[in-house]
Structures are given as C-alpha cells and as structure tokens.
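*Asks:* Below are the chains, spelled out letter by letter.
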Amino acid sequence: MALIRTLEVRDVDLDAPEPKRRRRHGLLPFSPWHLLLMPLALIFALPLVQMVLTSFMTDAEINSFPPKFIPSSLNVAGYTGFFGDSLAPRWLLNTVIVATISVASHLVLCSLAGYGYARLKFRGRNFGFFAIVATIMIPTQLLMIPTYVMFSKLGVVDTLAAAFIPWLTSAFGIFLMRQFFLALPRELEEAGEIDGLTTFGVFRRIVLPLAKPALATLAVFTLLNSWNDLIWPLTAISNQDNFTIQVGLTTFQGTRRTQWAELMAGNVVATMPLIIGFLMAQKHFIATMTFSGLKG
Amino acid sequence: MTIALERPPEATAFLVDPKLRAKQKRARRRREDVVGWSFVGVSTLVVIGLSIFPAGWAFFISQKKWNLLSPAKDVGWKNYQTMINDPEVWDAVKHTLFFTALFVPLSIFMGMLIAVALNQRIKFVGFYRTAIFVPFVASAAATGILAGFVFEPNYGSANDLLRRLGLPSQPWLESPTQAMIVIVIIALWGQVGFCVVVYLAALQDIPQDIVEAALIDGANRRQVFRYVTIPELAPVTVFTAVWQTITALQLFDLVYTTTRGGPVNSTVTLVYYVYKVAFQESRFGYGAAVSYGLFALTMVVTLFMVWYSRRTKIEAF
Amino acid sequence: MRIPRLLVGVAIVSLALAACSSSTSSPVATGSTAAPASSAAAEPVTLTLWHGQTADAAKAMEDLAAEYHRSHPLVTIKVSPGASTTDELKQKIAAGFVAGNYPDVSYTYGSWAGELAQSGHVLDVTSWTTEPAVGWDGLPAAARATATVDGKVIGMPAIVGNLAVIYNKSVFDAAGVAYPADDWTWDDFRSTAKKLTNPDKKIFGTAYSVAGNEDTTWHLWPLLWQNGGQILSADGHAAAFNSPAGVKALELLRAMAVDDKSMYLDQTGEKYGPLFLDGRIGMQISGPWNLYDLQQRKTSYGVVQLPGTGGDHQTVSGTDLWTLFDHNDPARSRAAFDFVTWLSQPAQDARWNIALGNLPLREAEKTSPAFAQFTRDYPGGPAFVDNFTNAKNPRPTVSGYDEMSQHLGSEIAKVLQGQGTAQDALDRAAAASADALSG
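Protein chains in written order, with our numbering: chain A, 1 to 296; chain B, 297 to 613; chain C, 614 to 1052.
None of these hints come from the bench; they were simulated from the model. In this text the structure is predicted, and so the values were computed from the model without any measurement. Accuracy of the hints is not assured; some may be wrong.
[Claimed, not checked] Taking lysine-lysine and the BS3-like style, the derived pairs with C-alpha atoms no more than 27 Å apart in a straight line are: (1) C/Lys808 <-> C/Lys765; (2) A/Lys212 <-> A/Lys121; (3) B/Lys369 <-> A/Lys121; (4) B/Lys321 <-> A/Lys121; (5) C/Lys782 <-> C/Lys874; (6) C/Lys911 <-> C/Lys815; (7) A/Lys153 <-> B/Lys361; (8) B/Lys315 <-> A/Lys121; (9) C/Lys815 <-> B/Lys361; (10) A/Lys68 <-> C/Lys782; (11) C/Lys691 <-> C/Lys672; (12) C/Lys765 <-> C/Lys911; (13) A/Lys153 <-> C/Lys814; (14) C/Lys672 <-> C/Lys979; (15) A/Lys68 <-> C/Lys911; (16) C/Lys765 <-> B/Lys369; (17) A/Lys68 <-> C/Lys814; (18) A/Lys68 <-> C/Lys691; (19) B/Lys369 <-> A/Lys153; (20) B/Lys360 <-> A/Lys153; (21) C/Lys815 <-> C/Lys782; (22) C/Lys861 <-> C/Lys807.
[Claimed, not checked] Chain A stretches covered by chain B per the calculated footprint, using a threshold of three residues with CB under 8 Å from any CB of chain B: (23) 37-49; (24) 136-145.
C-beta: ideal position from N, C-alpha, C; glycine also.
Sequences are here, hints too, so could you generate the full structure?
*Replies:* Structure below.
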C-alpha cells in the first residue's frame, strides 16, 4: 500500500488558478460548486463564530432567551475572570509542554518503529506489529484504572509526566509511518547500503528526509490529540498546578454553578492557538498530505 | 548479498564449512534482531506497557466484583454471563451500530464530495477549506458546549432558524428518536475535516495522465469520476472506512458532553455504558467485562471489513 | 506467545500487591488510641485536602488553610481541588485507595458515605466527637446522621442543605398567580405549575432533572416519605420504594410532566438553574446553593417549604462531608480531625459557608452578625434554615445506596419522559438494585 506515489514532494499551490481548463457554468454566472460549498462553509464556521461572540457576553446575556448572537457590548469580564481567578497561564504553559514533548517524541519513536516494521527483518516482528495494531481496538475506558494504579506506583500521578507519557508514541502513529515507508521505493535505500551506510545511517540520511510529508501529518494529528486530551489527564492529575488547559476548563463548569463567560472565554483561548497554527500551516499541511495514495 | 560481497574471506569460508555457515547465519540473525528491536523496541514497549499490560490486568478485574473501595470478590465468568443477558448492553450495541452505520458512510461520502469540490479551481476555495477544517481542531468539550447552544429545543439557534423559515421546531437532543441522529450530525461537523484532508490528498495524487487519457478517449467528466477517480480512491476509502469505524464504535466524548446517554438512555453507546457502569455505579468488574465485549465486536467488524476489501481486491492493508 | 504469559505474571503480582495493601488496615481504623487529646501536634505534620470546589469557594478554602497554618505552625495543609468537579472526587478517591495516594481529608457527598466507610481507609473519630470543644451536638441531626455509618463517625459535615420550593416572583406576577403559601399541598403545586405554564412563551411551571443520577432520585424522597413510604426495608438490605406510596409519588410527577406538560425536563440537570434565573421556569424544587446566583442576578424570588401531604411538609436534607482518611499515623489523623473541627466552628463557618451563600452549619450561628448579613444578602436563606425542622428522615448511608440511586434515577427519567408506568419502573429499579443492596 503506497502512501506516496512520487518521491518528489510537490509543493502544491492550492490557491493558484488552474491555467488550462476552460469553465462552462451553464445557467449560473458562477461555478455550481459554490451552491454546495457556501452553505456548508457557513454551517461549519458559524458555531465557532458563535463561541467567539459568546465569550464577549455577560452571564445574563449568554443565558438569555431567545439566544443572542451579537453581544450588546464588548464585555471582557470572561477573559479577565479566566486569566485572573485561575491558573490559566500556568495551564496553558503545561499544555504547551505536554504537546511539545508529545509531538517531538512521536516524531522520533513512530518514525523509528514505523521504519523497523516496514523494512527490517527480525524475530518477533509480526508479533510486535500485530500487538500494536490490536491496541487500536482496545477501548480506553478499559485501561483507565489499571493505568492509574500503574502510574501511581511509578510515582508519576499528579505530575505533568502523567499527561504526556501516554502520548510518547501511539499505535496510530506507528501504523501511519509504516504505511508511508512501505510505499517508498527500495532502490535508494539499497544504494545507501552499497555506499556503506549502516541501517541507521540509511534511515537518518536517506529515508527521513523523504518522510517530511508524513512527519508533518503526524505532528499535526499528535498536536491536536495531545492538546485536546481530556478524560485521561482529568483522571491522572489532581494537583491544579499541573492541570492542562482542557482539565482546567472543566473547573468552570461546576455541578451546581457554571461560570459561562469564563468557560466560553477559556474555550476560545484554548482553541485559538490551534486555529491560528492550523491557518498558518494549512497550505503546507495539505500539500504534504499527498502521502495518501494508499495504493497497492 | 551485499554483506557477502563486503567480506570475501568469510564468503569463501562458509562455502567450505557448513558448520561455520550455520554459525554465521545465526550471528547475522542475531545482528538483525538487535538492529530491528533497536528501531521498534521503545515504541513497542511503550504501547504494550500502556495498552496490553493494563488490558491484561483489566481481564482479571473482569472476573471480579469490585467497586475499588471494598475488597474484590471473585465471580469467575459471571460478569460475562450478566453481560449476555443484560438488555441495556444490547440496547447499547444497537445504538453504537446505529451511530456507526450512519456516521461512517456519511463521513466518507461527505469527505469525498467536499474534497472533490475543494479540488476545483474556484473562487473563495481558501475560505471554504478553512471553514470546513477548523471544527476539526475544536475539542470534544467545546463541541459539546456549542451543540448545547445550537440544539437546545426551546431556546437554541437551530430551532430559531426553523421558526424563521416557518418550519416546525424539533426536540433534537431531547427526543429519544432524534438524539442519536443529532449526535451523528455533530460528529460529522467535527470529524468530516479528517476525511476531507485524506481525500484531498488522495485526489491530488491521482496521476493527471490517466485522467487526460480518459478525456481524450471521449469520456465525459462524470464518466472520468466514475471509472477513474473512484477506483483510484478505493484503497483510501477502505483505510478511512476502517479507521472511522473503529472511532465510531468507541464513541464516548460527544455523548458525555451533550446528552449523558439520555433521553431515556437512547444515546447510551457501549463505551458510555462502560463509563456509566464502572465510574458511576462503581461496578468495575462488570465494566471491564463489557469493555471486552466491545473489543470483540470491534475486532469482528474490523476483520470483516479487511476481509471484504481483500476479497474485492482492494489492497489497503 | 511468551510475552503475554510474562505480562499475565506481572499483572497477578501487581493485583496481589494492591490486594495486600488494602487488607493491612482494619475495616474502620480507630485513630483515637494513641493520639493526644490536645489539638496541638507535637511534630510537624503535612495534610492533603481535596475540596472539589471552584472559584470563590476554592479561594476561601485556601485562605482558611493558610490561616490555620499561621495559628498552628506545625500543621501544613496542602489544599487542592482533587478533581475538577465534586462529582469526580469519588472516582479519584477510589483510584487513590487502589494506588495508595489518597488525601487526609476530602470533600465528599453524603450519598457516598456508606461505600467510603466500607473501604477500610476511613477514620473512626466517634470518640473524639464527644469532646465538648467539638460541639458535635450543635450540628443538625440529619447532618450528624449522614456522617455516621454503622454507628461510626467518619468525618465532619461541610455543607448542609435541604430541598424547598424557590419561586420566581416575576413569573408569578406576569401570569397573575398568587405566591405559594406555607400550608400548600401537592395539588396546589400541580395546579400552580399548570397556571404558570405558557407553551407559546416557552415558560414552564416547574422543572425536574432527568439526568438519571442522585439529583433525579433524591427529589422523589420527600414525596415518598410524605405518602408514608420508605426507601429501604427495615434491615437496609432491600429496596422498599416500590410501594403504593412510591407509586403515588412518582405518578404525581408523571402527571405533571406527561399530562400537564408543566414540567421542564432537564436532560443534564445543569440547565434548569439558568432557565429559572431567566424567568423561564416558575418554581424549582432545589436547595440553598442557588442563593448565590439568585443574589448575583438580582432575581426577585421567594422560598417556601415543600408542598405537604396531610399537613406533613417533610423534606430531604443533603449533607456534604469532610471525610477523614486513615494513613496509619495518629498524629496526622488527629491533626486532620482538629482542622475540620476548627472549620465547623462559627467564626470559620461564617467565611466558608455563610459568606458563600450556604446555610450556617450550626443553629448557634443564627444570632451572629454574620447571619444578620446573610439574611440581608440572601432573603431566601432563613426559610431554608427553618426548613431543617422538616428534615425528619435521613438519606440512607448503606453502601449500595449510590448504585441504587443510579438505577432508580434512570427509571424515574423514563417515566417522566412518557415511557412505562410508575409501578413497573419502580419494580425494575428495585430488582436492579437488589444485588448492590444485599451487601
């Protein structure tokens, strides 16, 4: 199954108008695709716009009925409350640390393991790979209590390490990288071997530079998942100094009282870095996603 | 071969002495093992340590009656028997399969359709792409809160819109027959971005020469799509379908943040039922047993899909 | 194939370790043996406290702990929420027991008391509560009952409350309906709710949580008791709520929800509070924890005791506890007890409970200046304090209560949403709970 078709990473300029093709729109003065995309884009974007607008409302406005879409004034109490009354800056920093370690470790460990399972021959290979793939199907709820106890014995419960250890590597990442490496033509690696490179040398000097598209994809998915992870850090971390931002946000949503303005502001703050990062990276991200041939 | 070339003396030696040859073969295998495991060792150990080891432990828990507080009591296979006879488990299976059966085809269909649309050279495509991808980065918690605002039956914006259009308002998440469908819609909102990304990349991977050859042969655009594009996308589709199916069978976050399994348990999925049984009713043994049931179900469905795709000669795995 | 067997071996060892560590302590440890009766610890001790609170309440608890350290320099209290919400604390404590890292003191719901007591990790402070300085008898009887499991006191009441009817005066005025009187009946409640309901304006007479948890379940208890029913059988090992009294109680709620449609059914239990504040719900059966928001939003409201059955207006009280946990260290045990006792004294309670809109813990505080201020800030407060005389039956503290509550909660939710009859639902819940209650 080929994850890439060609070796050259094409830097596709997605926004460039296509030179050749002439367009016939028929009855419409614009492409009929707009009829599909415009409403879809609005439906997809509006709830997030609503989240941003709501974050500038007072609690009373947020809960007013019928719902208000535009805040009556630019009320920043949610933001000042979010940053003022909580450890939000600390939580953001914690999340950045967790996400950075997760992404870095994912890139190293998954590419190594992916290459090993794709190319190298050694005893226990099939068993190891099967075990990894099988874990994809294990529901995480099954693992929470045993993992908690295990982490506690290791002394990492309540520390930031508890949040990033599960993200050091992942079955999905290993699987993704393996599929990518399987698709690479072997000739370059064989050439490297003839040149006297060790297996690791081949991996480091020849394979990895070709793997940038897959690594970029892996980085984006890992960033999203580790940043938004909630259920596990919620279980593993009790000390609020070590909360991640998602755990911290739940403290605004009490059983008997929800601080809506702070909660909405906090969600905007927690989501914005991802959205901004995505907007900046998206051209590159999608261009590099041309790994997906998935062909035999 | 290359090794033999690098070391001519040994090469001649093993031609002579079969014992030495066997020994050397062993040495090479050992070296391969060391190299191989030095690549995969850490990752494999971490995955096994964090999944298979706790899962094995959970299997022991599944043979107990244990609320974590009082000492555990051995019950053998009783939890599994209870599971088979528990109507709530079968309801949860039904809800989970219902969600999967709606979500997986729809997300693939929409993903493909939107990707084809975004692959056109038209105006605003940058805006469209951003708008459609951005929900993918929103956390489940944020998605749940937003869904609460949009689908609140009395005061939410979805019904506000229906009223303005002169349509009857709907109970959405508060109707046992509609709630799961609404959750499918919310899940699509958040997850279609994934399918679009995958298909968009796959579309750009289809060699232009095949398409042009078909066009020269007199095929129209629709025929090109049917006979060139779709077959080219088949392996991606199999991969995406399997991946989305595994994700769908493990649906939890959205249920937790929107309906908590209600109304009238109509959105209790298997994983949500595990959560409810284990963490709300403190029946950890039974929760572990149901988790194993879900694991078996996922395995069966996934293996069937892989088998089916192999039978139809689509090589995605 | 060798690897799994190895893993299995490790798993067994770990499980055995976990089992050992929990079996070393006796079912309920007695902390009173070695510790000195005086409150001053001889050596420095560090306590961990989980409060499960957010915002203002969390801040207040941190201040109090710091202040206690200043006056008792040998005692350091590490305060943390423990979990992001109080509901999640139970799971955190349970996992902590298995892993061996639970706190000295934790905020807990009263409904967990039975299960916690069974764990073998809670202190028995019964003998200490007899010390006059503790003022145990000055606490409300229902609260003391919640803190006592099988005759053993496992902690100190932290917050007390009870259910009454809070009504939004603006909704009543707009509908031209008279405010409820103290001597009203459930028929009055039903007809009032019907009059207040206005489908066009999306206004409901009252609301009920159908989240299917304890919040759903305990609202049924006052009705059950007023009709002469009981929650459990006399020995506490079987459900008794599926009696004619239980059916009558649930049938009334069903009629309001299904026939009258005067009851807003809240799927998550988190929406009816805000809706009430916004004048979309006329009456809510709820507790004093709403007072703070009502004051913040300047809602015009009143509080009246629950409707009665034959003059019986009894209600259910809720008590949250500071549960004390055993770490086989008498000095720590005593220090933890001393701290929560200190918290319960009027001077501290004024800042922990009264300032945050909760009811005063002790009757004696009713004469304090802090209470006078409380009455001014929260005009509904005194009605809740008076309502304690209507709290006659305690909620059970048996260990299967919490599971039973989940079963009954989801059955009540079904009936209120028009599925099945009250009798069938209660029977099903009773049958489902049999295993948990049998002990």
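*Asks:* A separate judgement is required for each hint: does it hold in the structure or not?
*Replies:* We went through each hint and held it up to the structure:
1. As the CA atoms of C/Lys808 and C/Lys765 are separated by approximately 48 Å, the hinted pair breaks the 27 Å bound.
2. Pair hint A/Lys212 plus A/Lys121 holds up; C-alpha atoms about 24 Å apart against a cutoff of 27 Å.
3. A distance of roughly 46 Å separates the Cα atoms of B/Lys369 and A/Lys121; the hinted pair therefore is violated under the 27 Å criterion.
4. Distance hint between B/Lys321 and A/Lys121 is fulfilled; the C-alpha atoms sit about 14 Å from each other, no more than 27 Å.
5. A threshold of 27 Å between alpha carbons decides the hint, and for C/Lys782 with C/Lys874 the separation of about 21 Å falls inside it, so the pair holds.
6. For the given pair, C/Lys911 sits about 22 Å from C/Lys815 by alpha-carbon distance, which is consistent with the 27 Å threshold.
7. Of the supplied pair hints, the one linking A/Lys153 and B/Lys361 holds, its CA atoms being roughly 23 Å apart against a limit of 27 Å.
8. Pair hint B/Lys315 plus A/Lys121 holds up; C-alpha atoms about 23 Å apart against a cutoff of 27 Å.
9. A hinted pair counts as satisfied when its Cα atoms are at most 27 Å apart, and C/Lys815 with B/Lys361 does not qualify at roughly 47 Å.
10. At most 27 Å may separate the alpha-carbon atoms for a hinted pair to count; A/Lys68 and C/Lys782 meet this at roughly 24 Å.
11. The suggested pairing of C/Lys691 with C/Lys672 holds, with an alpha-carbon distance near 13 Å, which does not exceed 27 Å.
12. Of the supplied pair hints, the one linking C/Lys765 and C/Lys911 is violated, its CA atoms being roughly 43 Å apart against a limit of 27 Å.
13. Restraint check for A/Lys153 and C/Lys814: the C-alpha separation of about 57 Å exceeds 27 Å, so the hint is violated.
14. Our distance criterion of 27 Å between C-alpha atoms is met by C/Lys672 and C/Lys979, whose separation comes to about 25 Å.
15. For a cut-off of 27 Å, the pair hint linking A/Lys68 to C/Lys911 stands: about 21 Å separates their Cα positions.
16. Taking the CA atoms of C/Lys765 and B/Lys369, the gap is about 25 Å. The hint holds against a cut of 27 Å.
17. Between the alpha carbons of A/Lys68 and C/Lys814 the distance comes to roughly 16 Å, so the proposed pair stays at or under 27 Å and holds.
18. About 43 Å separates the Cα atoms of A/Lys68 and C/Lys691, which puts this hinted pair outside 27 Å; it is violated.
19. Distance check on the hinted pair: B/Lys369 and A/Lys153 sit about 23 Å apart at the alpha-carbon level, within 27 Å; holds.
20. Proximity of B/Lys360 to A/Lys153 is assessed by CA-CA distance (about 22 Å); at most 27 Å being required, the pair is judged to hold.
21. A threshold of 27 Å between alpha carbons decides the hint, and for C/Lys815 with C/Lys782 the separation of about 17 Å falls inside it, so the pair holds.
22. For a cut-off of 27 Å, the pair hint linking C/Lys861 to C/Lys807 stands: about 19 Å separates their Cα positions.
23. Beta-carbon proximity to chain B at under 8 Å applies to 10 residues in the region 37-49 of chain A; the threshold of 3 is reached and the given coverage holds.
24. Here the region 136-145 of chain A counts 9 residues with a CB under 8 Å from a CB of chain B, which clears the bar of 3, and the coverage holds.
Of the numbered hints stated above, those contradicted by the structure are hints 1, 3, 9, 12, 13 and 18, listed in ascending order.
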